[in-house]
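With these hints in hand, go ahead and build the complete structure from the sequences.
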Amino acid sequence: MLWLHCNPENKDNCFEKPISSAEKPVTPIFPFGCNLSQYKAVQNALENNVSVIEGPPGTGKTQTILNLIANIVLNGETVQIVSNNNAATDNVLEKMAQEKYGLDFIAARLGSKANKEAFIANQTGKYPSLSSWKYSGDNNLIDRVKNLSAELADLYAKQQELALNKSKLISLNTEFNHFLNYCRENEINTDEIIIDKTSSSNKIIKFLQKAEHIEKISFITKLRGLVICKVGKISIYKQGTQYLADTLRYAFYVTRKAEIEKQIEELTAFLEKADASAKEKELQNLSLAYFKDYLSKKYSGNILREIFTDEEIFKDPDGFLKEYPVILSTTFSSINSVRKTFDYVIVDESSQADISTGVLALCSAEKAVIVGDSCQLPFVLSDEKKSIARDIFNKYHLSEAYDFSTNSFLDSVKKVFTSAPVTVLREHYRCNPKIIEFCNQKFYNGQLVIMTDEQNDSPLAAVKTVSGDHAREKFNQRQIDVIVKEILPSLDYSSDEIGIIAPYNEQINRLIEAVDNEEIKISTVHKFQGREKKVIIFSTVDNQIREFVDDPKLLNVAISRAEEKFIIVIGNDNIGDGNIADLVSYIEYNNFEVSESNIYSVFDMLYSANTEARLRFLSKHRKISEYDSENLMFAEINEVIKDTPDLKVECHVPLRMLIKDKSLLNADEQKYVSNNNTHVDFLIYNRVSKKPVLIIEVDGYHFHKKGTKQAERDILKNEILNKYNLSFLRLNTTESGEEEIIKKALSINKA
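In terms of the working numbering, the sequence shown opens at residue 5 and continues consecutively.
If you're looking for bench data, these hints aren't it; they were derived computationally from the structure. Everything numeric in this text was worked out from a predicted model, so none of it was measured. Beta carbons: idealized from backbone N, C-alpha and C, even for Gly. Warning: the hint list may mix true and false statements.
[What the hints assert, rightly or not] Below, a list of computed lysine-lysine pairs in the DSSO-like style, where the Cα atoms sit at most 30 Å apart:
1. Lys709 x Lys468
2. Lys478 x Lys531
3. Lys624 x Lys675
4. Lys302 x Lys44
5. Lys389 x Lys557
6. Lys624 x Lys557
7. Lys695 x Lys666
8. Lys261 x Lys214
9. Lys710 x Lys727
10. Lys399 x Lys418
11. Lys117 x Lys319
12. Lys138 x Lys389
13. Lys624 x Lys747
14. Lys748 x Lys727
[Unchecked claim] With beta-carbon atoms standing in for the labels, derived distance ranges:
15. Lys214 x Ser612: 48 to 56 Å
16. Ser498 x Lys344: 43 to 51 Å
17. Tyr705 x Asn576: 14 to 22 Å
18. Lys389 x Glu597: 38 to 46 Å
What follows is the structure, encoded as structure tokens:
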């Protein structure tokens, strides 16, 4: 097993075995498909006692794990796949079970008591039909697989190069478009700039760097430009150094664009000629055929499959693992799954696992493969546990690598096993290039190779709410209104293709209620990790973006959930200068949409940012209350009913004047109605008949919020009004669209 101990002389090196375990390079099989990074990751895992696989979003982390499982089983070895939750391991099992593979019969989902009981209860005592899995072709199948595997390693490098060139071209075109706008604004006639087809972008950029620092264009300068760089004609060199520099910039973009397009054309032709995609498919099919042939030979000799009880799993772990060489569990329950040391333990989602449960999993491992992403959200540790962990850490003077409060299990492994190979899965297959390119440059230092194509002209958008402090505690009703009333109706996607995320549970709960569509997945960013949707809407909630919401890992996860479109909803003020500000700048730079919401409220003037506008407005309207919220609403109601002469509004009407017959009320309700201070904020009534048409209550959030005494009185008033069929509205100062709400209510009541 992996013996972990602390050497007093070197606490940072606590691994007894050498990292490398291979005497010669391993040539793996890939029944689940492959690329260059995955090839290296599987190879490193098979050749070393400890290895790390960093799997950024959309890079085929699960596919890599599946290929690794196949190679381990093919070698007659056992493997336990663990994660901090069941979702990740369930994903592995589901893909093994797909019709194309049908490999789930070699796996047992254990760990927790419930999972083990379910497994034991669902055993059939039969094997799946394996007769068709026997390979009937030539005997050199494995040699063909290995030869293809080695050949494709070179072709994968070419595929990476092609993808990188496509990304370069996308970025260059964006830059070039900005420069062309600059040329138009400065009346630079690019049509008269002559560029020879044999010009080199490298020579042009070197000449440009010198031209930017010269004060006067000399004969030598002209000669270098015309003869060496082959740019322009003699008249250009007579218009000054600035014009020359702009000419060279234009020439660079045109030349570099042509060079990249040529490289793309050549690489595409090379891969087509080499028939790379066909060889990839052949490698996958032959690998799968070889693996299935192995399994058919292993299992087909038996007629009935042994059914194991919990006690038999405990007493005969070798017999159980012979039947089920692949075990799935949580990290916490892994040590109790099967009382046996596994040849391999694969820890998935290791950035979300804490050190203590991660070490539990390693207790049953001969070799370990740690899979995760340092740039995604870590496990959440309560303040109480952080304090306990820090106390232990300080008491025993442990190495920083073992600090439970600051390190995820992935972080700790990388710090302890410093010589273990780390493979980054680089090829990204999920998001629109422009979506993932922000994450690539901002969070992954440009390491990702984007394999997707642009299919959406506006894959990113930012929607700003009107100015004002709309957030209350950890929810923002205005952002909810923007999502429900503006964004969702504008999307040409089915409900099950849309996800809405936010950083806080309170916002999520209110979104679920407001959206009222079970097909739209609505969840916190933390809970959405590991999922994706074609469209993601991200509600930031905060008035002024706080550190928690601006966290790079949270933002990375939020953005990378979106396959085709990502929409961020933010306030109009105070987005700061952090990661979200960079995202908005990126959206603007790429000429994608940054729009301002049209949803407003009469109460927007209550915010400090609108003080002057509020004072101006109220100076022109009648004041009926000491509260500006009621004065604003009074003006709004009068504006709504101004063209309806039969309607009139009064404010602060005592409830006892509306309810004279109290026979329908109980004692508490009668007492409440009779109180001199009990009134309705506004009563709209018919001038002629004097009959009430609509009651309007204005609710300030903090005074009327759930759990307050006033909230209890509000419920009591609602019940009384309902008993007497008196129509009423409660308009919260955090909400919006009061004009339309009042008009709709009046229309219904008058009808």
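Going back to the hint list, which numbers does this structure go against? Hints 3, 6, 12 are the ones this structure does not satisfy, whereas the remaining hints hold.
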